[in-house]
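Number of protein chains: 2
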Amino acid sequence: MTPEDAMALAIAESERVRGATSPNPPVGCVILDEGGKAVGFGATRPIGGAHAEVMALHEAGTKARGGTAVVTLEPCAHYGRTPPCTEALKEAGIKHVVHAVSDPNPRAAGGAKVLTDAGITVESGVLEQEVSRGPLRAWLHYARTGRPHVTWKYAASLDGRVAASDGTSQWISSETSRREVHELRAKLDAIIVGSGTVKADDPALTARDAGGMPLARQPLPVVVGMSDLPRGAKLEHTALHLRTHDPDEVLAALAERGVVEVLLEGGPTLAGAFLRAGRVDRVLAYIAPALLGDGPAAVLGAGVSTITDAVRLTVEDVTMSGPDLRVSAVPRT
Amino acid sequence: MTPEDAMALAIAESERVRGATSPNPPVGCVILDEGGKAVGFGATRPIGGAHAEVMALHEAGTKARGGTAVVTLEPCAHYGRTPPCTEALKEAGIKHVVHAVSDPNPRAAGGAKVLTDAGITVESGVLEQEVSRGPLRAWLHYARTGRPHVTWKYAASLDGRVAASDGTSQWISSETSRREVHELRAKLDAIIVGSGTVKADDPALTARDAGGMPLARQPLPVVVGMSDLPRGAKLEHTALHLRTHDPDEVLAALAERGVVEVLLEGGPTLAGAFLRAGRVDRVLAYIAPALLGDGPAAVLGAGVSTITDAVRLTVEDVTMSGPDLRVSAVPRT
Chain H
1 MTPEDAMALA
11 IAESERVRGA
21 TSPNPPVGCV
31 ILDEGGKAVG
41 FGATRPIGGA
51 HAEVMALHEA
61 GTKARGGTAV
71 VTLEPCAHYG
81 RTPPCTEALK
91 EAGIKHVVHA
101 VSDPNPRAAG
111 GAKVLTDAGI
121 TVESGVLEQE
131 VSRGPLRAWL
141 HYARTGRPHV
151 TWKYAASLDG
161 RVAASDGTSQ
171 WISSETSRRE
181 VHELRAKLDA
191 IIVGSGTVKA
201 DDPALTARDA
211 GGMPLARQPL
221 PVVVGMSDLP
231 RGAKLEHTAL
241 HLRTHDPDEV
251 LAALAERGVV
261 EVLLEGGPTL
271 AGAFLRAGRV
281 DRVLAYIAPA
291 LLGDGPAAVL
301 GAGVSTITDA
311 VRLTVEDVTM
321 SGPDLRVSAV
331 PRT
Chain B
1 MTPEDAMALA
11 IAESERVRGA
21 TSPNPPVGCV
31 ILDEGGKAVG
41 FGATRPIGGA
51 HAEVMALHEA
61 GTKARGGTAV
71 VTLEPCAHYG
81 RTPPCTEALK
91 EAGIKHVVHA
101 VSDPNPRAAG
111 GAKVLTDAGI
121 TVESGVLEQE
131 VSRGPLRAWL
141 HYARTGRPHV
151 TWKYAASLDG
161 RVAASDGTSQ
171 WISSETSRRE
181 VHELRAKLDA
191 IIVGSGTVKA
201 DDPALTARDA
211 GGMPLARQPL
221 PVVVGMSDLP
231 RGAKLEHTAL
241 HLRTHDPDEV
251 LAALAERGVV
261 EVLLEGGPTL
271 AGAFLRAGRV
281 DRVLAYIAPA
291 LLGDGPAAVL
301 GAGVSTITDA
311 VRLTVEDVTM
321 SGPDLRVSAV
331 PRT
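As given, the protein sequences belong to chains H and B, one line each in that order. First residue of the first sequence: 1, per full-length UniProt numbering; consecutive thereafter. First residue of the second sequence: 1, per full-length UniProt numbering; consecutive thereafter.
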């Protein structure tokens, strides 16, 4: 098996644990034996548990000797909650390490050097983009900035309305798109809404399957705003309520709680505040092929008064989600 | 050459004359000799001129004898401004006719029967969808309904704004998208704007090339609205001014002038009136990857007050136009 093929399998491993490892990164690892056959698979365990390399080495056992470890992130060389992975790789007799992304965390970095010093060959950058834009995207952002990665998700009509003029909005987007959002919710740490959304829609912000049953992993629901939550609201006892309108205060409070990736779900005023502060790292728009011609817009008060101040984005990806368009875009840097 | 390959060439022929044949359809024709070799190409000449079949037979000359005529529309069997194409095909000794689309016009239809009666084999439906959704789309709509085909085109930000809150809008969409619109303008018969747009933007509504020079074909500029055009406006002496707000009155006036295909360019109120009346046959949205958060919307007053009344569309096609999304959608029937 080539290192690229093994890395694709390591990525798949890491995808299985997305949302379950914060504040640690969701890493995937595949061990190839001396002949290049995959003999061990592993992914990061929840906080305090083993790292991906250790899980994969455990499965490989003695077959790891003389083999290759293919891992989505540079193996760590420091003692944290668990011993360094570099030691485990050396002890198992691994001869080659292939990783996708170097560790940007100064405390954990240096793994490649430790390995090289022990006579292990190290190759970096294999499927680097797939990993850094995929499973490790949020964690890399968090490691570099100290802030959780924010995806602003909204569903609107083709003409940018999130509801009709009477306020009805169920359902602008298709069942396929709504199911996709529930799957996404289960893969990240927190969902943020404004207190206005709680008053208007009384959301539960849970991740549910097609039959309406809760998925195994549930994100932390977060409500942002000064006013108390309505009595009897679904989020009254489950949500973290942050009494501020400052996106940076919100993100600092979440980072303290080990939140790496958040989904900003609304409403328009809160989205405007995050955009104005430059705290939207990705826009995920579900655009329904419908026209409303009236009704509230997806974003309000983004701080743009003239066209040259528009928040310019780069489209990363456009796909169909059932009948809807799914647009993923990032702010232009 | 297979009939499909020849039809693809006939479609390309017809594309070259789009916008130059109204109220006649832009038809393309390829003549294959007895051995299946393409020996003649033709497309509809401007009104009063020869039809595609006659043009292609002229080029093929005696090589047409025993051959096949591949044509995007069923050959006409009636005396209009020119003699029937069925006669020309018979005289040229054509043995087989392959067409994509049957003629919906009762006055011109019956061509297939005339040909069959003369011992010519006739096959219909080859690349039918490519033709009926492509070069003959507007004309087929016109032939069936008596109304010009209306494409509503707009450019907006991802959040559905056509301008910033101070009214600036140059340029929301990219140069690539703007150039595409100019090429589109040259391929249809008329462009409609509201008198509000004339006051706000003073558009020329010409089709220009990348260097700003006018293209060979120019659509008829049409201004809809009660108020007089401002003195000195670029459209003051060039535009047809229709003093009505009723889309059906606008379309009837244009149909009388032989207009088959129009581009509705704005503004939001006029777009709302056409949508409300069910007179938008296709929506062409250029969506710029930018967020404005304030500013006017693409459509106003579409007659939708609650979500279940939304004008539902089906997305036909999504492509990138430079950095912009280009979405083509049709009302759901």
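Calculated directly from the structure, the hints in this document are not laboratory data. Keep in mind that the hints are not guaranteed to be accurate.
[What the hints assert, rightly or not] In silico lysine to aspartate or glutamate, DMTMM-like type, Cα no more than 20 Å apart, as pairs:
| id | chain 1 | residue 1 | chain 2 | residue 2 |
| --- | --- | --- | --- | --- |
| 1 | B | LYS153 | B | ASP117 |
| 2 | H | LYS199 | H | ASP248 |
| 3 | H | LYS153 | H | GLU4 |
| 4 | H | LYS37 | H | GLU123 |
| 5 | B | LYS153 | H | ASP294 |
| 6 | H | LYS153 | B | ASP294 |
[What the hints assert, rightly or not] Non-contacting residues of chain B with respect to chain H, defined by C-beta distances greater than 10 Å in every case (computed):
| id | residue |
| --- | --- |
| 7 | LYS37 |
| 8 | GLY61 |
| 9 | ALA77 |
| 10 | HIS78 |
| 11 | GLU87 |
| 12 | ALA163 |
| 13 | SER165 |
| 14 | SER169 |
| 15 | TRP171 |
| 16 | ALA253 |
| 17 | ARG279 |
| 18 | ASP294 |
| 19 | GLY303 |
| 20 | THR314 |
Where is the CB? At the ideal position from N, CA and C, for every residue including glycine.
Verification of the supplied hints:
1. B:LYS153 / B:ASP117: Violated, at roughly 45 Å.
2. H:LYS199 / H:ASP248: Between H:LYS199 and H:ASP248 the Cα gap is close to 23 Å, so the pair fails against 20 Å, i.e. violated.
3. H:LYS153 / H:GLU4: The hint is violated at about 32 Å.
4. H:LYS37 / H:GLU123: holds, 18 Å
5. B:LYS153 / H:ASP294: holds, 18 Å
6. H:LYS153 / B:ASP294: At roughly 18 Å apart (the allowed maximum being 20 Å), B:ASP294 and H:LYS153 satisfy the hint.
7. LYS37: holds, 42 Å
8. GLY61: The claim stands: B:GLY61 keeps its Cβ more than 10 Å from every Cβ of chain H (closest is about 49 Å).
9. ALA77: holds, 40 Å
10. HIS78: holds, 40 Å
11. GLU87: holds, 46 Å
12. ALA163: violated, 7 Å
13. SER165: violated, 5 Å
14. SER169: Given a closest Cβ separation of 6 Å, the condition is violated.
15. TRP171: Given a closest Cβ separation of 8 Å, the condition is violated.
16. ALA253: Since the minimum Cβ distance to chain H is about 25 Å, B:ALA253 lies beyond 10 Å and the statement holds.
17. ARG279: Given that every Cβ of chain H is farther than 10 Å from that of B:ARG279, nearest at about 13 Å, it holds.
18. ASP294: Given that some Cβ of chain H is not farther than 10 Å from that of B:ASP294, nearest at about 6 Å, it is violated.
19. GLY303: violated, 7 Å
20. THR314: violated, 6 Å
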